[in-house]
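Colleague: Listed here are the chains, written in short residue letters.
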Amino acid sequence: MNHNRWLSLLSPLVLVGLWELAVQLGWLNRVFFPPPSEVFQTLSQLIGSGQIFRDAGISLLRVGLGFLLGGIPAVILGLLMGVNPVVRALVQPLAAAIYPIPKIALLPLIIVTLGLGEVSKVTTIAVSVFFLVVLNVASSVLQVDPRYFEVARSFGARRRDLFWTVALPASLPGIMTSIKLGMGFALTLIVGVEFVGAENGIGWLIWQSYELYAIDRMIAGLVVVALIGWLITVALDELEYLLVPWQAASVRVRERRMREHVRLWWPTIRPWSYTAAIIPVLLGASIAAYDGAIDWWRLFLTIVGSISIQLGTNLVNEYYDDRKGIDKVQVFGIGGAIQRGELAAWQVLAAGLAAFAVGSLIGLYLVSVTGPFIFWLGLFSVATGFFYTAGPLALAYIGLGEIAVFIFMGPVIVIGSYYVQAEKLSLPAVLASLPVGFLVAAILHANNLRDLDIDRQFGKRTLATLLGRGRANIEYYVLVGGTYVSLIVTVLLGVAPWLTLITLVTLPAAIRLMRIVAAETEPHALQPVLRQTAKLHMRFGSLLICGWVFAWLIDALGYL
Amino acid sequence: MPSSNMQPKIRIDNLHVVYPGRRGEQVEAVGGVTLDITDGELVCIVGPSGCGKTTLLRVLADLEQPTSGAIQMLQSNPERPLKGTVFQGAGIFPWMTVEQNVAYGLKLRGVPPVERTATARHWIGEIGLERFAQAYPAQLSGGMQQRVGLARAFAFDPEVLLMDEPFGALDAQTRLLLQQTLLQQWERRTKTVVFVTHSIEEALTLGDRVCVMSARPGRLLHEVSVPFARPRDAIALRTDPRFSTLFAEIWDVLRDEVDRARADEVAG
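So the protein lines, in turn, are chains A and B. Using the working numbering, read the first sequence as starting at 1 and increasing by one per residue. Using the working numbering, read the second sequence as starting at 1 and increasing by one per residue.
It is worth saying that the hints were derived from the structure and are not from the lab. For every residue, glycine included, the Cβ atom is placed at its ideal position computed from N, Cα and C. Possibly wrong hints are sitting among the right ones.
Ranges of calculated distance between the beta carbons of each label pair, as one might list FRET restraints [stated by the list, open to error]:
hint, chain 1, residue 1, chain 2, residue 2, range
1, A, His261, B, Asp171, 29 to 35 Å
2, A, Leu162, B, Glu223, 36 to 42 Å
3, A, His261, B, Gln75, 45 to 51 Å
4, B, Arg262, A, Leu162, 25 to 31 Å
5, A, Asp145, B, Ala70, 54 to 60 Å
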């Protein structure tokens, strides 16, 4: 079952990847099969211009109106049919006769009588929803176990009570099902209705793209239809949850299983590590903004991409740590879910690779907009992430962990993020990224300091075990001190705005940490240092970003 | 304890129930039952399956009409509901929480919300399901659901409680525990109970009187007064030598009827 869930997640990703590849290699004709990256680009243009929101909004309005106009009377009439044989005898034959007619076939008739305007579109949807829902609701009332009516009567229920306490609640699950069916119907229909004589709407967008032979736009429209359908399904599921909580009672078992899943995965994905991935991205973007280039859509994608790569790195690390038996005696186990048998090794690896795939797809898109520089940068990052613990020369196990982290979680991400925005390189951006690089390396080093004795015992080579306790402490001072020194230097050089000096408010915390490192060797006493260093990174990074953003805003105001 | 009231609480007089069978023939489910039940008495009705004992109970519950004969049920307190029913297989509503289920009868009677919630809570406590007051039946085991059915009937507090094989579908241990619960509650607050079962042990454990019904058409064949003192212990009773004597006595009557019911099933 778990296998299947993973496969169902993986197969669309693989398909999209293959499609992209097949077009890029020329196996598929680009004219008929525009690659996903191109569709994505078209879609973001449609988003950027706001057109997609206008068309999707209009379609949703038509669907919503038609759904309410058809659905509400249908539920009421269906309930009446269910409880009252006279109403049933009157309505049933008529409804059953009309129900099988494909409602799209009624469209010409409706257009003839009501014209080409909105009324005919909404009516078509209302009519089709009505007949579907009325019959389903009636039959779900009729399917209520008669025993329940007897029980109610034995407690003295009158006709009114029978309806409100038995017939209605007992048929609610069925009503919900018919509402879902009706909504599916309405969505199918709206596209067809908008093919004919519409001037807007998502169906119109698809049809017009066909007439213009803009296949990328056509596919973008299809993607949006799928997305809307999915969103509505999710919304209706929520509604069902509210209206039919007893049905959810059995669902709750499934939910508990979901929570269990989250509980198992949560430590494995190392949730605290993502600020380290987000802060450099934001820093690069705010430096670019300061230099006059900011694109929010690209920033969003860069953040998602960076998180995906970090996620992939964490999961692949978990997998290889387990295979190398490194974490076996870890005192402060981060993760370790594989060793405890809670997650299968292949699950962790597959999830990691899927995360890399998402990150790579986003990367590919960014490459398609900004050029090959990001491609090489990204490839390099993914490779480092992978070989951090994987492969024969795992960086983390030969004392190169800090340096790798310094470079990639500092300058590389900052430059990448900057480049995505400004589409150029900048030496000041490199220099301005150094403080963040120092601090992120300090986090890793705090971890290695804590584990120094255990790592040595088990032959895990980190810079700390290679240097020995005394010099390893000095390394910590250098990394934390380097943060502030490099910051002050960049300000003095006129590279960074003086506002970034607000980060100096974190200096007391940094000094406190260095004091603890100097005094303690026990893992338990050093554990808070790890946490506090990570916190310092987040505080320092946020303040640094604020400094750049404020400087940018002041500049922008100056132009006004 | 049976009261000294001269007039019976329930009087069943030559009751016949006939309904049309599958092939249009007349099926006589109850074939002339006459029975008086005293106020506060717990009467158990045993009989082979398909003997019409459930039909008899359904007539008492007003869920079916007798073909001929009459039923009288005396209401002594117009403030209290006259009768309530516990159904085979709980019959609790899946769309209501345990608390709502237990309070259901009170709600129909127009008891104000605060009061009915308090009463429901009390009975949920009595059956030991406090932790599940807000749970839905789907989250409960079969035995727990049956306890909710019991609590619902007790919270309704009718003068006459009609019980149709309420523990039939449960495993032996759960069944014993629920019999014990029923005994405790009934002995604490006496009400007239008509309890239909196919288990002789259950009838002897619970009843003041056990009525044995014949195979279809159901008639009363035999009556046994159960001598065990109250309060009773459902488990200790089993070792009483009178228990096995009475069991044998009832089984003697019942065996022929079971055979006859079997033969009918094979033939029909």
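Colleague: All the hints need checking, so say for each whether the structure fits it.
Modeller: These are the hints, each one checked on the structure:
1. The hinted window of 29 to 35 Å between His261(A) and Asp171(B) holds, with their beta carbons roughly 33 Å apart.
2. Taking the beta carbon of each, Leu162(A) and Glu223(B) are about 38 Å apart, inside 36 to 42 Å as hinted.
3. Checked against the hint of 45 to 51 Å, the pair His261(A) and Gln75(B) fails, with Cβ atoms roughly 58 Å apart.
4. Distance hint check for Arg262(B) and Leu162(A): the Cβ-Cβ separation is about 39 Å, which falls outside the suggested range of 25 to 31 Å.
5. Distance hint check for Asp145(A) and Ala70(B): the Cβ-Cβ separation is about 31 Å, which falls outside the suggested range of 54 to 60 Å.
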